[in-house]
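Line order of the protein sequences matches chains A and B. 0 is the number of the first residue of the first sequence in numbering that gives the first Met the number 0; add one for each residue after it. 0 is the number of the first residue of the second sequence in numbering that gives the first Met the number 0; add one for each residue after it.
None of these hints come from the bench; they were simulated from the model. Since the structure is predicted, the reported quantities are computational estimates derived from the model, not experimental observations. All C-beta atoms in this analysis are idealised placements derived from N, C-alpha and C, irrespective of residue type, glycine included. If a hint is listed, it holds; no wrong ones were tucked in.
What the simulated footprint calls covered on chain B by chain A, stretch by stretch (three residues with Cβ under 8 Å from a Cβ of chain A suffice, anywhere in the stretch; the number is not a length):
hint: 1; stretch: 136 to 142
hint: 2; stretch: 156 to 167
hint: 3; stretch: 226 to 236
Among chain B residues calculated to face chain A with C-beta under 10 Å, some are:
hint: 4; residue: R56
hint: 5; residue: P133
hint: 6; residue: L145
hint: 7; residue: T146
hint: 8; residue: T147
hint: 9; residue: A149
hint: 10; residue: I153
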Amino acid sequence: MIEIRKLSKWYGDTAVLRDCDLSIRKGEVVVVCGPSGSGKSTLLQCINGLEPFQQGDVVVDGIHVARAGRALPRLRARLGMVFQRFELFPHLDVMDNLCLAQRRVLGRTQGASEDKARVLLDRVGLSEHAGKYPAQLSGGQQQRVAIARALCMDPICMLFDEPTSALDPEMIGEVLEVMNQLAADGMTMVVVTHEMGFAHRIAHRVVFMDGGRILEDTETAAFFSAPQTERARLFLSRILSH
Amino acid sequence: MGYDWDFGFLVSRVKNGDETYLDWLLQGLFWTLCVALSAWLIALAIGIVVGSARTLRSRWVAGLAEAWVELLRNVPLLVQLLLGYFVVPELLPRELGLWVKQDMPPALTAIICLGLFTSARIAEQTRAGIEGLPAGQRQAALALGLTTTACYVIVLLPQALRRIMPTLTSEFMNIIKNSSVAFAIGVLELTFQARQMQEDSEHGLETYLVVTLLYVACALTANRGMAWIERRTRIPGYLGSSR
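This is chain A alone, in the form it adopts within the complex:
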């Protein structure tokens, strides 16, 4: 469903992605991990064309992202994205956050959008909060609304960019629970995260990045029991030791 081939990107002279190859099949849950600045988020943002890149190909559902041109917004709408800092639109209430793109991008009626929004709010356990504004919700609630907002677009794949990194520890669980449920329903997911427990339980594969390169792309159990590279072994020992 997603094919990344020989992807490279520079900011000036600094390479942030080097020769990355990754392919994600329908229904797969892939966790991308690695130290800060390793290029994980950038890789994710190249998939829906939020970040331009200089070399290589990103193909989503048969469409070349770099050459999508006017079709890019349509393509993005089919990839749900969840951000570290939620990025709900603060001037719109929860219902409007959920309906906005359904109406503008998918051309759904107000009624159809609201029906869809209610189903998904119920699914993330926030039915009573439809009329509230983002600033009136907790971080965990905001992130669940953000997930519901992405799901309203009936995405073929969900991209998560450190979805729990900005949350209080107490709220991480409620967001991971929603993501677990999504994975169990068969959603294709690419998740950038430091939650190794989540990766261990849910991911089919783990991709390990460092210095803009993909160093490992391994089946989950194998990654945790016997990482292939010394760098990944070191990363795991540091992150799991506390």
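Using the hints, position chain B against chain A.
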């Protein structure tokens, strides 16, 4: 102070006509508001578009917008007005230039010049408002499939404009006060009328006091109006809205 204050002259007739001085003042007030409000609409419309353009990724568009801002804010307003009145008609195609010189009301020249001048200032404030938003807001809007235009109109500008309401309020008050330069090209606004009354009535001190009060009243009304809009558009739970 031996000056003999007499505000009664306001209701007496002017030297050569049936009008009273009060009529002149009200006429001045009308033109001041007319020039200021029309210029404000131009300034807002152009300023918001140019300010948004300055934050686009396209270097070409952003550069053009920057040139607009620098051109208009590096020349004094009065000089711009005189340029617009005397020089621009000569640069236009002959027919159009002739029409501008002979038939175009000077108030229209003042409205355009003041509007363009203020648009550069509003553009800078709009840019600051947009750049002050978290980068993720733009990304989230685009990731949902919104076009760049929709992203600005629905997501970025409603937030940016709320944030710059205090400086927009100052700008609105400024445009009312700045409209006084229009007297230089013969627009019959408050300042023009004040000079005319001073010469006609020998009550210069009273005249300028009353005109000052009228400017203050206009600016304060503008201020209260903007404050009302600011309250009405406040986002629940956000940006100090508990006040």
